[in-house]
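Colleague: So the chains spell out like this:
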Amino acid sequence: MDHEPSEASKGRASMPLQQIAVEDFTQVAFEGVLRAIEARNREDFRLPYGPIIYGIVWDPDMQLREVFGPQGSTPGQ
Amino acid sequence: MHDPDERDALRPPEGKAEDTRSASDSLPLCPSAQPEMESSVVFGVVGGSVEEPRLAYLKEPQPVTDEILELSGPVKPTEVFRFAAPCAGSGCKHFDGADCSLAKRTVSMLPAAVNKIPPCRIRPRCRWWRQEGVAACMRCPVVVTENYRSTEEQRRVADPPVGKGGFLCHES
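First to last, the protein sequences are chains V and P. Position 17 of the first sequence, counting from 1, maps to 17 under my numbering, and the rest follow consecutively. Position 59 of the second sequence, counting from 1, maps to 59 under my numbering, and the rest follow consecutively.
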């Protein structure tokens, strides 16, 4: 399902998409760090939630199953 | 006329073109991975502003090195860079056994953020693109992997499905 861009995102759409060369990487990264610091330091920073992880979230149960087997038993038990 | 990136993006996700590549080369890549994952690469830098983050895409994705990670200085690399790494599948809370539920929710719950397909070099192997097509690409530029300034909408989308861990939040 596709959405019509909201008013806010229409504003974003006017911002050019940037492609960066390897030689410009350090400078762009520095600017990215400044943006991230500003994001952390804004007064309306959403405590107490803190940041979200928008991406891979390890499944601890899965990791335990990989280590201990499906019944949670340790190998050799 | 489309540029090569657009042609890639417009090809249906089913049209996999990796037949001549090795198996590891054709594994889908998670486009919001962590730097410590094996074979992780940096493919973008979060630019724009605090209110309107906008990913700048690298012409050539770079393997993760200590030097690159050190560039993020006092903040976490995932606040500054976007990493791609082979999809962890069932090791990730967003994987529902067949698909990435995060990609599904991103496309179904968030509005398109751009009206032009981003110049992304990982697209042919991107799980989100393979699964959701261009609709995922149109939302990708505003994704920040570790985000202190998320909207409520983004927060809901980022939340792993119920039964796989519930709402994720950190102490700052």
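Because the hints were derived from the structure by calculation, they are not lab data. C-beta atoms are modelled at their ideal positions from N, C-alpha and C, and glycine is treated no differently. Honestly, I wouldn't trust all of these hints.
[Said to hold, decoys possible] Now the stretches of chain P that chain V is said to cover, found in silico as 3 or more residues with beta-carbon under 8 angstroms:
| hint | region |
| --- | --- |
| 1 | 59-65 |
| 2 | 122-131 |
| 3 | 147-155 |
[Unchecked claim] Per label pair, the in silico range of CB-to-CB distance:
| hint | chain 1 | residue 1 | chain 2 | residue 2 | range |
| --- | --- | --- | --- | --- | --- |
| 4 | V | Arg42 | P | Ser90 | 32 to 38 angstroms |
| 5 | V | Trp58 | P | Pro74 | 20 to 26 angstroms |
| 6 | P | Lys116 | V | Glu31 | 20 to 26 angstroms |
| 7 | P | Lys59 | V | Trp58 | 16 to 22 angstroms |
Colleague: Output the indices of the hints that this structure fails to meet, ascending.
Modeller: 2 and 7
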